[in-house]
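One letter stands for each residue in the lines below.
Protein chains: 2
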Amino acid sequence: MSKKLRIVPIGGLGEVGKNMMAYEYGDNILIVDVGIMFPENDMLGVDYIIPDFEYLIEKRDLVRGIVITHGHEDHIGAIHHIIEQIPAPVYGTPLTMGLVDVKLARNRMSGKADLHTVQAGDKLKIGPFDVELFHVCHSIPDSIGLGITSPGGLIVHMSDYKFDHTPVDNWPTDYAKLAEFSQRGVDVLLADSTNANRPGWTPSEMVIGPALDKVFEEAPGRIIIASFASQISRMQQVADAAVKHGRKLAFVGMSMVDNSKMARKLGYLDVPENTLVSLEQALGMPAKDVVLMGTGSQGEPSSIIGRLATGTNRHFGIKPDDTVVLSSHPIPGNEESVNKAINNLFRRGANVIYDSLMPIHVSGHASQEEMKLLLNLVRPKHFVPMHGELHMLKRHALLAEEMGIDKENIQVVENGQVVELKDGKLSLAERIPGGYVFVDGTSIGDVDYSVVRDRERLSRSGIFLIDLNIDKFTGRLMHNPEIITRGFASPEEAERLIPMVEKKVNDIIDGGMDDQKTIMNAVRSLLYNETKRKPMVFVTLSKV
Amino acid sequence: MSKKLRIVPIGGLGEVGKNMMAYEYGDNILIVDVGIMFPENDMLGVDYIIPDFEYLIEKRDLVRGIVITHGHEDHIGAIHHIIEQIPAPVYGTPLTMGLVDVKLARNRMSGKADLHTVQAGDKLKIGPFDVELFHVCHSIPDSIGLGITSPGGLIVHMSDYKFDHTPVDNWPTDYAKLAEFSQRGVDVLLADSTNANRPGWTPSEMVIGPALDKVFEEAPGRIIIASFASQISRMQQVADAAVKHGRKLAFVGMSMVDNSKMARKLGYLDVPENTLVSLEQALGMPAKDVVLMGTGSQGEPSSIIGRLATGTNRHFGIKPDDTVVLSSHPIPGNEESVNKAINNLFRRGANVIYDSLMPIHVSGHASQEEMKLLLNLVRPKHFVPMHGELHMLKRHALLAEEMGIDKENIQVVENGQVVELKDGKLSLAERIPGGYVFVDGTSIGDVDYSVVRDRERLSRSGIFLIDLNIDKFTGRLMHNPEIITRGFASPEEAERLIPMVEKKVNDIIDGGMDDQKTIMNAVRSLLYNETKRKPMVFVTLSKV
Numbered sequence: 143m144s145k146k147l148r149i150v151p152i153g154g155l156g157e158v159g160k161n162m163m164a165y166e167y168g169d170n171i172l173i174v175d176v177g178i179m180f181p182e183n184d185m186l187g188v189d190y191i192i193p194d195f196e197y198l199i200e201k202r203d204l205v206r207g208i209v210i211t212h213g214h215e216d217h218i219g220a221i222h223h224i225i226e227q228i229p230a231p232v233y234g235t236p237l238t239m240g241l242v243d244v245k246l247a248r249n250r251m252s253g254k255a256d257l258h259t260v261q262a263g264d265k266l267k268i269g270p271f272d273v274e275l276f277h278v279c280h281s282i283p284d285s286i287g288l289g290i291t292s293p294g295g296l297i298v299h300m301s302d303y304k305f306d307h308t309p310v311d312n313w314p315t316d317y318a319k320l321a322e323f324s325q326r327g328v329d330v331l332l333a334d335s336t337n338a339n340r341p342g343w344t345p346s347e348m349v350i351g352p353a354l355d356k357v358f359e360e361a362p363g364r365i366i367i368a369s370f371a372s373q374i375s376r377m378q379q380v381a382d383a384a385v386k387h388g389r390k391l392a393f394v395g396m397s398m399v400d401n402s403k404m405a406r407k408l409g410y411l412d413v414p415e416n417t418l419v420s421l422e423q424a425l426g427m428p429a430k431d432v433v434l435m436g437t438g439s440q441g442e443p444s445s446i447i448g449r450l451a452t453g454t455n456r457h458f459g460i461k462p463d464d465t466v467v468l469s470s471h472p473i474p475g476n477e478e479s480v481n482k483a484i485n486n487l488f489r490r491g492a493n494v495i496y497d498s499l500m501p502i503h504v505s506g507h508a509s510q511e512e513m514k515l516l517l518n519l520v521r522p523k524h525f526v527p528m529h530g531e532l533h534m535l536k537r538h539a540l541l542a543e544e545m546g547i548d549k550e551n552i553q554v555v556e557n558g559q560v561v562e563l564k565d566g567k568l569s570l571a572e573r574i575p576g577g578y579v580f581v582d583g584t585s586i587g588d589v590d591y592s593v594v595r596d597r598e599r600l601s602r603s604g605i606f607l608i609d610l611n612i613d614k615f616t617g618r619l620m621h622n623p624e625i626i627t628r629g630f631a632s633p634e635e636a637e638r639l640i641p642m643v644e645k646k647v648n649d650i651i652d653g654g655m656d657d658q659k660t661i662m663n664a665v666r667s668l669l670y671n672e673t674k675r676k677p678m679v680f681v682t683l684s685k686v
Numbered sequence: 143m144s145k146k147l148r149i150v151p152i153g154g155l156g157e158v159g160k161n162m163m164a165y166e167y168g169d170n171i172l173i174v175d176v177g178i179m180f181p182e183n184d185m186l187g188v189d190y191i192i193p194d195f196e197y198l199i200e201k202r203d204l205v206r207g208i209v210i211t212h213g214h215e216d217h218i219g220a221i222h223h224i225i226e227q228i229p230a231p232v233y234g235t236p237l238t239m240g241l242v243d244v245k246l247a248r249n250r251m252s253g254k255a256d257l258h259t260v261q262a263g264d265k266l267k268i269g270p271f272d273v274e275l276f277h278v279c280h281s282i283p284d285s286i287g288l289g290i291t292s293p294g295g296l297i298v299h300m301s302d303y304k305f306d307h308t309p310v311d312n313w314p315t316d317y318a319k320l321a322e323f324s325q326r327g328v329d330v331l332l333a334d335s336t337n338a339n340r341p342g343w344t345p346s347e348m349v350i351g352p353a354l355d356k357v358f359e360e361a362p363g364r365i366i367i368a369s370f371a372s373q374i375s376r377m378q379q380v381a382d383a384a385v386k387h388g389r390k391l392a393f394v395g396m397s398m399v400d401n402s403k404m405a406r407k408l409g410y411l412d413v414p415e416n417t418l419v420s421l422e423q424a425l426g427m428p429a430k431d432v433v434l435m436g437t438g439s440q441g442e443p444s445s446i447i448g449r450l451a452t453g454t455n456r457h458f459g460i461k462p463d464d465t466v467v468l469s470s471h472p473i474p475g476n477e478e479s480v481n482k483a484i485n486n487l488f489r490r491g492a493n494v495i496y497d498s499l500m501p502i503h504v505s506g507h508a509s510q511e512e513m514k515l516l517l518n519l520v521r522p523k524h525f526v527p528m529h530g531e532l533h534m535l536k537r538h539a540l541l542a543e544e545m546g547i548d549k550e551n552i553q554v555v556e557n558g559q560v561v562e563l564k565d566g567k568l569s570l571a572e573r574i575p576g577g578y579v580f581v582d583g584t585s586i587g588d589v590d591y592s593v594v595r596d597r598e599r600l601s602r603s604g605i606f607l608i609d610l611n612i613d614k615f616t617g618r619l620m621h622n623p624e625i626i627t628r629g630f631a632s633p634e635e636a637e638r639l640i641p642m643v644e645k646k647v648n649d650i651i652d653g654g655m656d657d658q659k660t661i662m663n664a665v666r667s668l669l670y671n672e673t674k675r676k677p678m679v680f681v682t683l684s685k686v
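These protein sequence lines are chains B and F, in that order.
This note's numbering numbers the first residue of the first sequence as 143 and each following residue consecutively.
This note's numbering numbers the first residue of the second sequence as 143 and each following residue consecutively.
To be clear, the hints were calculated from the coordinates, so they are not data collected in a lab.
Be careful, since some hints might not be right.
[To be verified] Short derived list, chain F residues pointing at chain B, Cβ under 8 Å:
1. L186
2. Y317
3. N339
4. E415
5. V419
6. H457
7. S585
8. G629
[Unchecked claim] Selected chain B positions facing chain F (Cβ under 10 Å, derived; list incomplete):
9. G409
10. N476
11. E531
12. H533
13. E544
14. D582
15. S603
16. N663
17. R666
18. S667
[Unchecked claim] Below, simulated BS3-like cross-link-like pairs (lysine-lysine); rule was C-alpha separation at most 30 Å, straight line:
19. B:K685 with F:K645
20. F:K549 with B:K356
21. B:K646 with B:K685
22. F:K676 with B:K659
23. B:K646 with F:K685
24. F:K685 with B:K549
25. B:K407 with B:K430
26. B:K645 with F:K685
27. B:K685 with F:K646
28. B:K614 with F:K146
29. F:K146 with F:K564
30. B:K685 with F:K614
31. F:K659 with B:K685
Built from N, CA and C at the ideal position, the CB exists for glycine as well.
Make the full structure from the sequences, and use the hints.
Here it is as structure tokens:
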């Protein structure tokens, strides 16, 4: 009798199985990826989000290994949180492990993880799981997909990928391996759904070269290129353009500098010694001889580009002849901040090149035609779309249906919904508890939804504090109420309102109603009647 | 000697001249449009934004008239604020005036404006300005562009437009009039830049018909269509599909109901009496016989769709066989809330049709090829791109340059930057002061950037209040500090922190340092050291 093979997407809302996925067979667990999520616009004050992996902590002794598919933050970013709780061996390709190393070092955890550097093509024995690693193209080199064989069946785990025929590192996705799996019979395919709404085929990374050439030819002064700190392929393309056009290249910002150093050391980034200069050197050179590369393609206020846009960068500012290249596409939710950064850079006199002007960025994810190719290459019996919001998963499922996969063999699930494969049948099992775990300062999970909701309430109309001291013998106020207000009214409006509040409070207390609640409610309705706004009202009251 | 003709885009940041534009010649002012802006994600708690028209209030007696180009909120939404300050006659086409009427009624200002209903083709004499109104296609019927002739020159003001050859109302943009202007010689063209980054030609409204047909054919149950309350053309298309497929149509929500009534009365919306039903009637009918149309295509929490997505609509909820159609494209900044609504509707079992699945929406704005056609039809001497963020204006300017307009004859300006035409030359004049005017509750402008910044600070890490009473004779605390905290920490974390704070405060006071500032700073650094978060700390202290 065969045992169940369980597919367990960890975490609450968020993209299914993107940040963390677990496969269970008997008393054995294999974890794939340990990433973070970025907070949405209404998750006020939250730094980042990690998967809620409580379920795995209880079963920590059953975890046989952690395999990481590639080095982006949404796949490695929670590594230091996970290995503190789950001391399992971690496997990844050289560049991925290099980025893990940098991350652990920055969190003062170097040497605290059991790291194993492996290669695409390797076959790992992790408990009952035979894990075959195969190369895939993505927007970072050294990415892999996984073929996971256990007595429960063969699963193909296709994390972020695209079918780029002309990738920067000349290493296409391993079509042969995917076809080989299909020969053996794939029980379940799980695959990236990020671009499920995008028709056609994602353009090759190759198109960026000519676009960068044009920028380098036409830029009258400095070139400043923004990307993610982990976009090693983009760094290579910028370095190539710098060599070709005789400019010196400086990486700007700690994460960019650290990652480029590591990637050069491991041989994933090829920049001639005499092309690379420090930021200080670059700033001393003629503008036409220089290209700077830093973070901020999402308009993040704390990034290099974010600071240049607002004029708050310490080391240098925007000059009128600068050409700024935003080499990325806005992540959903970031469109407004990206647009704002672009407008501000223009306002400061720079020329700004963004992706609708020129192909200076391409997606790292497969579009619909590639998804169809994957389904036809792998020809799985069952399909579980992953890595996407619910509407993208639904779309991906529809594509699979259109290609002839039986509707009942497709499961669209969200994080926490366990799927089981047993006796050749895929079915829904229990939901495991789980939600977001907010990381805010040193708090991991302490700042929860109720705290964020309070922040939302504070931000809506501000606060109004009243401190009262009542003489316990006379029952009268000992002095005028002390009133503090923030985020509620302008000083002029407050000046008009405060005497009204003071009078109201005096009247209530003189009327013998001296409890906090009565005063709070009265002040609330007075403020609402006067302004149609509802600040949070607090009353502190001492009888002395 | 000729006098100057001044082009004055009113307001602060925001899309140039979109919400309000003024033209000045001598002691005469013509205002075009009086719209509102919607707050950005970081304008916490703000309801909406009106242009800062202080400049015009000072010159109110010189304002000869207000012409409104069409009935969308970003062109009419501030009408009640403006006419309270500037009692000038208001001109617009019948549908536009109908929407103005509804808006004034809702703000209890019916009959308080001097409204003049005019027609495309009319020529108005407004002070020294001869204003020729000509029809343009847009996503609302009865839209117009303006040819403004004064002794200062001929200006063509091309507000929101597209060149739709097959519009819903069979009334294409008035090409002949544009060509006629060019014969006369256009001194300055100002034109909509919304889609300046979009190559090609915006699809005709006509493509929506077949897409709606497909939806109506395939929907197994109710159809719920979301749009804007002012999308009268979309209402017509939905009504046509309802008639064709034998469904009854109910408009849902006050603004949808009011606007559809008015548009039917004025003859802009043609729905047979027996097709239209009330929401109550619709809810009592078999699901397959019904189509509902309401607001919420932007995922706004308070709209019908927003409430259906979160399960908080009072009159009805989502049922598994429902088909929800979001007939609009997310406005920049709304992508996240739209995605969230789509995911939530799927989660509740509905099928959701959004614009990347099917052409159930097309833009109302011209794309690049249409912009080129406009420039060639009008052949202006000078060009001022308007209606767009700075990066769109820059792109529009680049298009004009590519088409042979001299770079020095193009002015890319932002709101508040006055442009002057004198002796055939266009040049920059002064900047008039101006910014956003936030409307929040009954406050118009009282809630300003400093208040919004405070809200942002409150929302980042919450608040921490300490109320102290010190015995003025002994210098000691009379009771334990009263502590209130919101949006800072979970109850468990607060329980750990509060005793530490109490001890710290006691130590400080026992040490004889009993001023608010010392205590505030000490608590701040204690909380930061413990949590790496920085709540706003408030100390109220009485010596009694």
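Hinted contact B:E531 with chain F - closest CB pair below 10 Å: Constraint on B:E531 satisfied, holds at 5 Å.
Interface hint outcome for B:S667 [beta carbon to chain F under 10 Å]: Hint violated; B:S667 Cβ to chain F Cβ min 14 Å, cut 10 Å.
Straight-line alpha-carbon gap F:K549 to B:K356, limit 30 Å: Given pair F:K549, B:K356 holds - Cα atoms ~22 Å apart, limit 30 Å.
Hint validity - B:E544 Cβ closer than 10 Å to any chain F Cβ: violated (13 Å)
Hint check: 10 Å Cβ-Cβ cutoff, B:H533 to chain F: holds (5 Å)
Cut-off 10 Å, beta-carbon criterion: hint that B:R666 touches chain F: violated (13 Å)
Satisfaction of the F:E415 interface hint, Cβ to chain B closer than 8 Å: violated (38 Å)
Pair hint B:K645 and F:K685, alpha-carbon separation not exceeding 30 Å: OK: B:K645 and F:K685 at ~23 Å, within 30 Å.
Satisfaction of the B:N663 interface hint, Cβ to chain F closer than 10 Å: Constraint on B:N663 not satisfied, violated at 17 Å.
Proposed interface contact between B:S603 and chain F, which counts if any beta carbon pair is under 10 Å: With a closest approach of 5 Å, the B:S603 hint holds.
Pair hint outcome, F:K659 versus B:K685 [Cα-Cα no greater than 30 Å]: Holds. F:K659 to B:K685 sits at ~24 Å (cutoff 30 Å).
Supplied contact hint for F:H457, tested at 8 Å Cβ to chain B: Cβ of F:H457 sits 25 Å from chain B, so the hint is violated.
Hint compliance for this structure: hints 2, 4, 5, 6, 9, 13, 16, 17, 18, 24, 28 are not met, and every other hint is.
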